[in-house]
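Counting in my numbering, the sequence shown runs from 93 upward without gaps.
One should not assume that every hint holds.
20 angstroms max Cα-Cα, derived EDC-like pairs, lysine to aspartate or glutamate [to be verified]:
1) 130 to 161
2) 130 to 160
3) 133 to 166
4) 133 to 161
5) 133 to 160
Here are the in silico distance ranges between beta carbons for each label pair [unchecked claim]:
6) 140 to 117: 24 to 34 angstroms
7) 169 to 135: 10 to 20 angstroms
8) 123 to 165: 23 to 33 angstroms
9) 133 to 161: 27 to 37 angstroms
10) 152 to 116: 14 to 24 angstroms
11) 137 to 165: 29 to 39 angstroms
Please keep in mind that the hints were generated in silico from the structure rather than gathered at the bench.
The beta-carbon is built from N, C-alpha and C at its ideal position, and this holds for glycine as well.
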Amino acid sequence: MVCIAEEPLSMASSSSTTSIRPWPARLCDCERDYCIVKRAKTQENRGRDYYSCPIFGTPCGNFIQWCDDHQERENRRFQRP
Numbered sequence: 093m094v095c096i097a098e099e100p101l102s103m104a105s106s107s108s109t110t111s112i113r114p115w116p117a118r119l120c121d122c123e124r125d126y127c128i129v130k131r132a133k134t135q136e137n138r139g140r141d142y143y144s145c146p147i148f149g150t151p152c153g154n155f156i157q158w159c160d161d162h163q164e165r166e167n168r169r170f171q172r173p
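Between the sequences and the hints, there should be enough to build the whole structure, so can you do that?
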């Protein structure tokens, strides 16, 4: 299972397209559902995808983990020694 960022990704040519970067599915910290992927809009992390809880009002909050950090951790976990 993979998650795909839903927000449009602006291109330098002023056209826009949907990000097709698939991220591994990640169970939310509240364990009630799988995270959704959102795109950061802050100055320091603009355009960076992150996992977010899909259920409003849960104690785990809006930000769960950066998608690229989760991907690296998963890759290391499944590497052969």
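A quick look at each hint next to the structure:
Distance check on the hinted pair: residue 130 and residue 161 sit about 14 angstroms apart at the alpha-carbon level, within 20 angstroms; holds. The straight-line distance between the Cα atoms of residue 130 and residue 160 is roughly 12 angstroms, inside the 20 angstroms bound, and the hint therefore holds. Between residue 133 and residue 166, the direct Cα distance comes to roughly 25 angstroms. Violation of the 20 angstroms bound is thereby established for this hinted pair. Proximity of residue 133 to residue 161 is assessed by CA-CA distance (about 18 angstroms); at most 20 angstroms being required, the pair is judged to hold.
In summary, the hint linking residue 133 to residue 160 is supported, as the alpha carbons are separated by about 16 angstroms, within the 20 angstroms threshold. One distance hint, 24 to 34 angstroms for the beta-carbon pair residue 140 and residue 117, is violated here, with the actual separation near 18 angstroms. Remark: the range hint 10 to 20 angstroms for residue 169 to residue 135 is contradicted by a beta-carbon distance near 32 angstroms. At about 18 angstroms, the beta-carbon gap between residue 123 and residue 165 misses the expected band of 23 to 33 angstroms.
For the pair residue 133 and residue 161, the supplied restraint of 27 to 37 angstroms is violated, since their beta-carbon distance comes to about 18 angstroms. The hint said 14 to 24 angstroms for the Cβ distance between residue 152 and residue 116, and at roughly 18 angstroms that hint holds. The beta-carbon spacing between residue 137 and residue 165, approximately 18 angstroms, falls outside the hinted interval of 29 to 39 angstroms.
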